Amino acid sequence: MTNAWTDIKNTDLVIIMGGNAAEAHPCGFKWVTEAKANRGAKLIVVDPRYNRSASVADFYAPIRQGSDIAFLMGLINHCISHDKVQWEYVKPFTNATFVVREGYAYQDGLFTGYDEEKRDYNRDSWEYEIGPDGYAVVDETLQNPRCVWNLLKEHVAIYTPEMVERICGTPKEAFLKVAEMVGECSTPTKTMTSMYALGWTQHSKGSQNIRGMAMLQLILGNIGVRGGGMNALRGHSNIQGLTDLGLMSNLIPGYLNIPTQKEPDFTTYMSTRAFKPLRPNQTSYWQNYRKFFVSFMKSMYGPAATAENDWGYNYLPKLDVASYDVLRIFDMMKNGKVNLYFCQGFNPLQAFPDKGKLAAGLAKLKMLVIMDPLQTETARFWEDHGTFNKVSPADIQTEVIQLPTTCFAEDEGSLVNSGRWLQWHWPGGSPPGEAKTDIWIMAQIHLRLKELYQKEGGAFPDPIVNLNWTYKDPGEPTAEELAREMNGSVLADVYDPVDPTKKVLEAGKQLSGFGQLRDDGTTAGGCWIFSGCWTEAGNMMARRDNSDPGDAGMFLKWSFSWPANRRILYNRASCDVDGKPWDPSRKLIEWDGAKWTGYDVPDIAPTAKPRDVGPFIMNPEGTSRLWVRKMMRDGPFPVHYEPFESPVANVIAPKIRGNPVARVFPDDWKTFADIGDPAFPYAGTSYRLTEHFHYWTKNNHVNSVLQPEQFVEISEELAKDKGIELGGWVRVWSKRGELYAKAVVTKRIKPMTVDGKIVHIVGVPIHWGFVGAARKGFTANTLTPFVGDANIETPEFKAFMVNIEPSTGPVVA
Amino acid sequence: MNMELSRRTFLKTSGAGIAGTTLGAFGFSEAEAAVASAVKPFHLVNTTEARNTCTYCSVACGIIIYSKGDLRKGEKADIVHIEGDSDHPTNRGTLCPKGSALRDIVKSQTRLTQPMLRKAGSNAFEAVSWDVALDKIARAMKDDRDANFVATNSDGVTVNRWLTTGFLAASATTNETAFATYKVVRSTGILAFDNQARV
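Chains A and B are the protein sequences, given in the same order.
Per our numbering, residue 1 is the first one in the first sequence, and the count goes up by one each step.
Per our numbering, residue 814 is the first one in the second sequence, and the count goes up by one each step.
Hints listed in this document are in silico derivations from the structure and should not be mistaken for laboratory results.
The structure presented is a predicted model; accordingly, all values stated were derived computationally and were not measured.
Where is the CB? At the ideal position from N, CA and C, for every residue including glycine.
Heads up, a few of these hints could be off.
[Claimed, not checked] These stretches of chain B come out as covered by chain A in the derived footprint (C-beta under 8 Å, 3 or more residues):
1. 859-873
2. 902-915
3. 932-946
4. 975-989
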């Protein structure tokens, strides 16, 4: 989230699209209710189902799953053509005025540089024109046909209300009503907030769904302001933290990157990370990248990271592909290329697509290690559960080690919430039986591995034996020790270069923030964006002062928010070019003539003069981006692409199947149903119920009583067509697998007309499996296709094709 | 005993501390005994409190865990109740249908309590000690890494990667756990490293 849960109360219009906050985030949704009750805010819900968020909305518009970009580009087209644009924001604070170089073009669903064979673009032409002064060329008058604004206008022109209806199945009148309500928020004193979740991410073009709304929010001037923002409602208690800490194939904590093999040495690696400003005076804060990187390496390798060995650059592995994400690793597993796999609190047999393929992969491992507080299907993938998991254990040679871990109630530490608050918690109970903390387990594994390498030698032991592990009890580092390490500390005294008698930093002290990080080895810091979380003043994450000056919803003394305790990102943009708040009644910060002050920590240098420095300090432009240069694989503007399985061909680009640059593994093409395949005529989608959390709460008696049994949801019209009764058994199958469930026949789902064709929707809640307290059920991912988003490989769980028929239920073995 | 007596009147009439006596004066002595015997002691008496965060979604509602026994004194602590923290700015004490049943997930019948091993081809788990489990894991990692570590690619560039082992990290563990995990996993050269962010 750019903003905080408590800030939603400040909004005028909430748009929930790509999520269902009332059911999936009920206690966060209370802030929507606050905004409605106290500010008279309105709520719009756009979703394939009339869900519980929709049931309390002021306006609901249906949409076919997988068509959100057409809807969003339609909204942008409407705002541009009806002059619903906050010009005082758009001109100075976005790259609308930037001129794009000759050679870049878009036609029939593709941008310049497409290579069909590689399913990839050469993106070299997707850049600004650079002037003789070395800066990007801008045209303040917006007359240049190649400036971003004119390219955008042209790009979205095809998404008319009629086209939106044709692609999305949303009636034109409903779309226009949404457009009208959204357009009202283009004034400086009205704001809209976007609340989204997996309904947008779990598509082969998920990242572009989100970009589409971000662009709209910029056009309306709603980023950086109270009651505005792009608010990703994240699904797990610390998934924000694990992402921040870079537990991904290609990341280093704080959104730094693991090197690729095209960067053989540190100098080459840094050469593409200069982040030289693209306009005069701009902050371009990533210019400090080297400080973050070197301090991270000092945290990892301590004295073994030196200037002479480029801070241990070769201790880091180098990538040969974009990433070894879960989809890639399970594809490799199925092809016999993986021997050992660890699952820490994760149940991939249910959480990733195409269960059949996942199970085949697990069966080819030599060893699977599970660390979990609970039984999972993954840990028991080799166990025969009849129709729910039909396997022959004797044929599966994988050794499985299952390690019992503590849960939240039994350990100490911090979690990052959706609004980037790092909140500390304390244990309340003793672990059951022999359960141990994950920290203890990881430490024990490390110490044993290190000992083996010290005794026996072996392949490149250096990064293992030199790992900085100077904890009081190396067998179990404490949460405090690790938190202090992430914050960062001074390793050697640092003196003022101008006055060498003056000590600037003192060895052994905690850093007060990332501004103190250095690239000469005198500071260490595990995760630069967390710096400030545990300073010399103590544990800032444990703060519990819930005062809220100005009733602004910021709560600056409650816990710690990254970065720098800032609660609303880009908050400099809450003021006009001169530093005056757009809406004085919703002041966040302001320029007092000498410095920035207010209810939030300013997201700009405290004394940076308003007209000199732009608000988007991380970007070399100093502005936000309506057009994203070469930074996304599938294009600098979003384009409507159909899901890989779809009831209709792409109306605006009939020859293009799915997202043209999404990665598809060779074996998987044949597992996708053809476009409009009559064998799989219904549009399937997966979702969650308010009584359950993923695959966890089926282990929990109360929640298993509340929602005991698997079901699928269909319209009355489809039920009638197929002779399916409410509460009757059905079989649902895709080209990859099948499940049996009870049918809920509902008015919440209606058939839609898409490109002249009636499309029925089949809703598949995901919570059942073959272990736990609830009745056994089928994992929903038996149905879903093995393909992910083109940029970050989030699986396409929200749009796939199925068939359905009445049934007598599963045959229990 | 056919007089109407609202709770408010009752409290006004009786007053705290002299309730027994007053009840007696009303002629309630038998009723008093019956009520007293039916009233269960308040179940949070003599519990310790710990501030914590709900383990489910990222609204991150504040919760209070009530336990018998005090971990801070080195005692065993048994969780008896979990409720919303009314001081918390986000949830202000409320919890959803999942959060309201948090105690049940802590106490789930399917919690794991000891290390288990499923041997190749077997149809059951068997209990093993922590030492056996951890030694097996370290040995398997060492052997696989030594056999498959890629020090240089075909162009002779140092790449120091290990691709035959992968690690899938959690989504509900602490930052501190995540950082310790990062250090241990990355130091081995593993690139097949991922978490639940995508799902």
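Exercise. Hints broken by the structure, by number, lowest first?
Worked result: none
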